[in-house]
Each structure stands twice: as C-alpha cells, then as structure tokens.
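Enquirer: Fit chain B to the known structure of chain A by using the hints.
Sequence order for the protein chains is A and B.
For what it's worth, the numbering used here labels the leading residue of the first sequence as 25, then goes sequentially.
For what it's worth, the numbering used here labels the leading residue of the second sequence as 210, then goes sequentially.
Misleading hints may appear alongside valid ones.
Said to hold, decoys possible - From chain A, some residues computed to sit far from chain B (all C-beta separations above 12 Å):
hint, residue
1, P26
2, A56
3, D64
4, A67
5, R121
6, E141
7, R237
As the list claims (entries may be wrong) - So the derived list for chain B, only partly shown, Cβ under 10 Å to chain A, looks like this:
hint, residue
8, K217
9, N223
10, I270
11, A276
12, W282
13, L286
14, Q287
Claimed, not checked - Below, simulated DSBU-like cross-link-like pairs (lysine-lysine); rule was C-alpha separation at most 30 Å, straight line:
hint, chain 1, residue 1, chain 2, residue 2
15, A, K114, A, K69
16, B, K217, A, K114
17, A, K114, B, K228
These aren't lab readings, by the way, just hints derived from the structure by calculation.
For every residue, glycine included, the Cβ atom is placed at its ideal position computed from N, Cα and C.
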Amino acid sequence: MPLVYAGVCSHAPGITGRANQADPTVRDAFYASFDQMRRDIEATKPDALVVIAAEHFANFFMDNMPTFALGMADFYDGPIEDAGWLGIDKFRAPGNRDLSERLIKEVMQTVDVSYAEEWKFDHGIAVPLHFLTPNFDLPIIPANINCQGPPLSPLSRAWAFGEALRRAADALPERIALVGTGGISHWPATPDSGKINEPWDRDFLDRWCRNDRDALLDYDDGTVYTDAGQGGFEIRTFITVSGAAAGATGTVHFYEPIPIFAVGCTVASYDLGATVGVARLI
Amino acid sequence: MSLYYVQKFLYELNRDEGKQQAYMADRDAAIASFELTNEERAALTAPDIGMLFHLGVNGQILMHFAALHQIEWADYLQRMRDGIQAHGPVREGVYAMTGYEGTDVHAKSLGQE
Numbered sequence: 025m026p027l028v029y030a031g032v033c034s035h036a037p038g039i040t041g042r043a044n045q046a047d048p049t050v051r052d053a054f055y056a057s058f059d060q061m062r063r064d065i066e067a068t069k070p071d072a073l074v075v076i077a078a079e080h081f082a083n084f085f086m087d088n089m090p091t092f093a094l095g096m097a098d099f100y101d102g103p104i105e106d107a108g109w110l111g112i113d114k115f116r117a118p119g120n121r122d123l124s125e126r127l128i129k130e131v132m133q134t135v136d137v138s139y140a141e142e143w144k145f146d147h148g149i150a151v152p153l154h155f156l157t158p159n160f161d162l163p164i165i166p167a168n169i170n171c172q173g174p175p176l177s178p179l180s181r182a183w184a185f186g187e188a189l190r191r192a193a194d195a196l197p198e199r200i201a202l203v204g205t206g207g208i209s210h211w212p213a214t215p216d217s218g219k220i221n222e223p224w225d226r227d228f229l230d231r232w233c234r235n236d237r238d239a240l241l242d243y244d245d246g247t248v249y250t251d252a253g254q255g256g257f258e259i260r261t262f263i264t265v266s267g268a269a270a271g272a273t274g275t276v277h278f279y280e281p282i283p284i285f286a287v288g289c290t291v292a293s294y295d296l297g298a299t300v301g302v303a304r305l306i
Numbered sequence: 210m211s212l213y214y215v216q217k218f219l220y221e222l223n224r225d226e227g228k229q230q231a232y233m234a235d236r237d238a239a240i241a242s243f244e245l246t247n248e249e250r251a252a253l254t255a256p257d258i259g260m261l262f263h264l265g266v267n268g269q270i271l272m273h274f275a276a277l278h279q280i281e282w283a284d285y286l287q288r289m290r291d292g293i294q295a296h297g298p299v300r301e302g303v304y305a306m307t308g309y310e311g312t313d314v315h316a317k318s319l320g321q322e
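Just chain A, same shape as in the assembly (with noise of 0.2 Å):
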C-alpha cells in the first residue's frame, strides 16, 4: 500500500524525564499536539509504523557504526535509560520480523542499509512511543541514522534514504506508516543545554514544509555545527521523512522553544495525498 502516514516530533529525554520543571502551559499544548499526531496516525489505520531515529549510543557505538540501520526483530525493550530518570516504564514494544525483512530487502536496492536483530530503545525512540502508541500496541519498526559520531552519512544520502523506505513501504501489501524524530537547533546534554536558535529551527522548518529539497541539502556539517550545536546533525532524521514524502508539502502542527526539554519543541506532518504512486514513477 502507499505510505500512509509522514511526520517529525521531537525526542527529548526532557519531555517527559523533566516534565514537572516545565511552563505547564507550553507543556500542556506541547503534549497535546503529540496526542493529535497520535489520532492522525491511528486515523490512517497502519499495519506498522517505522520510527526513523537518531539514537544516542543505546545500540551502536564506534567500533562497528552503522550510517543507516534497520531493525528486524519481533519485539523490541525499552527504555534503556533509568525509568525514573527518564520517566518512562520500561516496556516491551512489538516489532514485525518478517515485515522488516521484506521492507530491508526493498531499502537495499539502493540504499546500504544495516539490520539489527536486537535493539533496544533509548528516549530517541521511547519518548515518540510514550505518546504515539501509548499501549504498545502497533508493530514498530526502528530506523537509525548516526548523527552522534563523525564521520556522518551526507544530507543527500539521510534524502536517498527516504526515497528507499518510500519505494519500499509503497511496494508492502501493509499500511506502513512513518515517523522521523530528532532535534532541530539544540546543544543536548552539555553546559548549553537549553540554548535553542529559535530562527534557525523556523527557517529549517520552512524548507522542511515545501519539501525543498535543494534547500533541505544545503547545509555542512561545519556551520550547523556552529549555527545549531551537536543536535543539529539530527536534522538528518527530518530531510529523510522529507525524502519520503517528496513533492508533498508540511505543515509545523506544534512549534515552541522549551529550554527545560533542550529542544524546540517540534510536530509536524506532510500531506501525502498528492503524492500517491510518485515513488513508483520515479
């Protein structure tokens, strides 16, 4: 079936681990959208929904560090961070093995993607769960892009990669579904943390919203480095949602500054329905 489902959020382990320290107000209107994005998934009735993450040394560290990795187990555990400290339950999340593999098989064609047998969720992909499938009760099928240790896949390729999954979801008799989560402009977990450029992340999201692609690539590592700080590189999970939904346009649902959740606090989504059967043209 043609994807059903493309959209970003933010993952910050703040959202839910410092929720308390948080504007309840903002909070409150933060957590609410992340409920509607919940809705609107569940209102495209998917078989599976693939979370394209940017994880934080859970599962991949540098001695054997996958660009790309899928994951390709009937269940995954989570989170790996302390429950209080993140304020999530440790759950068991169910996955799909053999709709991963037909899905791996099609990615391969033109993408060198990894797979993974085994993985277990840090707050990249558990804080997204926490509101997305509260119950654990739709197949999840992990992605990761390295955007921790350099060197990094090329924007083009965190594009192509998309692209792949787009072609490979499209060609599945299953409703597939897609999430992308990741920071914009943020400087996680060190002295910086809570510093967020505010414009950046608006300019970033309206080249997002008009899936302008040459706009979205137009970017090195050097200056969002500077401009955007470490958590910047996670952009690379938003430009693959944008690969997979190319030629459909966005809108930014939920868009605040939280500097207590580190992150400007982020969900939007893409329109697919003028986009339907374009993957399998191109």
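Expert: Relative to chain A, chain B alone:
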C-alpha cells in the same frame, strides 16, 4: 589520550546493569581492562564529570553516567561548567561548546544564575 576507550567503557556501562553493579562494587577493577591514561582512570572512578566533559566525552553518554551517580540535571550541567572553568575548553570530539558565549552569560540568559 584515549577518548575512544573512555567512551567505550561508559557505553558498555550505561547499557548493562550487571556492569553498573560491578563498577559500583569495585570501580578500579571495572575499568582495569580498558586502555586508559591515569588521568582518565581518576576521572572515571571519582567520578569527575567536569574532567570527563573536558576530555571530550559525548554528553549523550556522560549524562547517563551522571544519572547513575544520582547527580541531578542542574548539578550535572554545573559540574560540566566547573570542569571547563577548571581545566579549559573541551579537548576533542563534537561535544565541545560551539559559538559559545561563556558559561556565565549563558546561565544568565537561561535565568539559572
């Protein structure tokens, strides 16, 4: 200087409760098999969060090590600031502070004086 092995130790520690228990029971023994300098050994066993940040440990690894030691979030951030003030800028890695106006100015901008 062996930042890779400092981070590898912390990576393995963060994802394995058994290793966390072993580290808490005997910190020197837990790091014995890693290729580390004396400075790194001291920082990992103290633990000295500020020194580890100064050495270049990725914050995504370091924040969980701090949490393991029951160091609260604000205290974790302060210890990194103290480490930079005591030892100087981050030596290597991508978790250096970039375009940074200094800890004092930034703390004021966040209302965390």
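Enquirer: Flag every earlier hint the structure violates by its number, smallest first.
Expert: Result: no hint breaks.
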